[in-house]
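Residue numbers (the numbering used here), protein chains in the order written: chain A, 1 to 113; chain B, 1 to 114.
The reader is advised that the hints may include incorrect statements.
[Claimed, not checked] Below, in silico cross-link-like pairs of lysine-lysine (DSS-like), each with a Cα-Cα straight-line distance of 30 Å or less:
(1) B/Lys106 with B/Lys22
(2) B/Lys109 with B/Lys22
(3) A/Lys57 with B/Lys22
(4) B/Lys113 with A/Lys57
(5) A/Lys57 with B/Lys106
(6) B/Lys58 with B/Lys106
(7) B/Lys69 with A/Lys57
(8) B/Lys109 with A/Lys9
[What the hints assert, rightly or not] Where chain B lies over chain A, by a calculated footprint (3+ residues, C-beta under 8 Å):
(9) 49-59
(10) 91-103
Since the hints were derived computationally from the structure, they do not count as laboratory data.
Here the structure is a predicted model, which is why all the values come from computation and not from measurement.
For each residue, glycine too, the CB sits at the ideal point set by N, CA and C.
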Amino acid sequence: DSGVTQTPKHLITATGQRVTLRCSPRSGDLSVYWYQQSLDQGLQFLIQYYNGEERAKGNILERFSAQQFPDLHSELNLSSLELGDSALYFCASSVGADTGELFFGEGSRLTVL
Amino acid sequence: AQSVAQPEDQVNVAEGNPLTVKCTYSVSGNPYLFWYVQYPNRGLQFLLKYITGDNLVKGSYGFEAEFNKSQTSFHLKKPSALVSDSALYFCAVSRGGSQGNLIFGKGTKLSVKP
Chain A
1 DSGVTQTPKH LITATGQRVT LRCSPRSGDL SVYWYQQSLD QGLQFLIQYY NGEERAKGNI
61 LERFSAQQFP DLHSELNLSS LELGDSALYF CASSVGADTG ELFFGEGSRL TVL
Chain B
1 AQSVAQPEDQ VNVAEGNPLT VKCTYSVSGN PYLFWYVQYP NRGLQFLLKY ITGDNLVKGS
61 YGFEAEFNKS QTSFHLKKPS ALVSDSALYF CAVSRGGSQG NLIFGKGTKL SVKP
């Protein structure tokens, strides 16, 4: 158990809808990262927050947004969903902003029909 | 731009034999290099990392990796493979000291047969 909690574990929705994925980092970790894993794209870095502030941005679509709250949990919002957004979304956390040693949650599997 | 290449989609090894999973990287500045393992329907688990110092890094479950700066490689090794080592292995790089986010390779599926 990594200590990172993600909810929901599975989510099925329709095209055009909006969903929110939630992540609670390990106790004491200030950084939260979001990754998307799909068969064709592999593991893609989406975005990083550190202590409530956006720290780094990767291949995140404009339809996606995220935030980190004062209690350090994070949410990833996916809107106007398309079939291609079906993927496993991982949250990871780390103590610092630039250590690179990440602890991953079990992931949220999103299926868009 | 940073990138990681894992040239083999799959590596097949007999139990008890040594295994190597290859990784090469491209990054400006000093790289922080990592190996992670993913079991089916699970999140990624940290195996080991190289930041500085000894080029041979030892990690979890008997795995080790060798950093080779001239060849820009960071191959994962284990002297004697176990069936339970069968999983998906990811090499990753970050631009150490300035970026915490990891750039991952495509992954290599390791299959260890009895």
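Comparing the hints with the structure gives:
Proximity of lysine 106 of chain B to lysine 22 of chain B is assessed by CA-CA distance (about 12 Å); at most 30 Å being required, the pair is judged to hold. At roughly 11 Å between alpha-carbon atoms, lysine 109 of chain B and lysine 22 of chain B fall within 30 Å of each other, so this suggested pair holds. Between lysine 57 of chain A and lysine 22 of chain B the CA atoms are separated by roughly 28 Å; this keeps the pair inside 30 Å, and the hint holds. Between lysine 113 of chain B and lysine 57 of chain A, the direct Cα distance comes to roughly 41 Å. Violation of the 30 Å bound is thereby established for this hinted pair.
For the suggested pair lysine 57 of chain A and lysine 106 of chain B, the alpha carbons sit about 20 Å apart, so the restraint of at most 30 Å is met. Between lysine 58 of chain B and lysine 106 of chain B the alpha-carbon distance is near 23 Å, which keeps this suggested pair within the 30 Å criterion. Only pairs whose Cα atoms come within 30 Å are accepted, and lysine 69 of chain B paired with lysine 57 of chain A is accepted, the gap being roughly 28 Å. Simply put, lysine 109 of chain B and lysine 9 of chain A have alpha-carbon atoms about 24 Å apart, close enough for the 30 Å limit, and the pair holds.
Closer than 8 Å: that is the beta-carbon criterion, and the region 49-59 of chain A has 4 residues meeting it against chain B, so the requirement of 3 holds. With 10 residues having a beta carbon nearer than 8 Å to a beta carbon of chain B, the region 91-103 of chain A meets the requirement of three or more and the stated coverage holds.
Comparing the model with each numbered hint stated earlier shows that hint 4 is the single one that does not hold.
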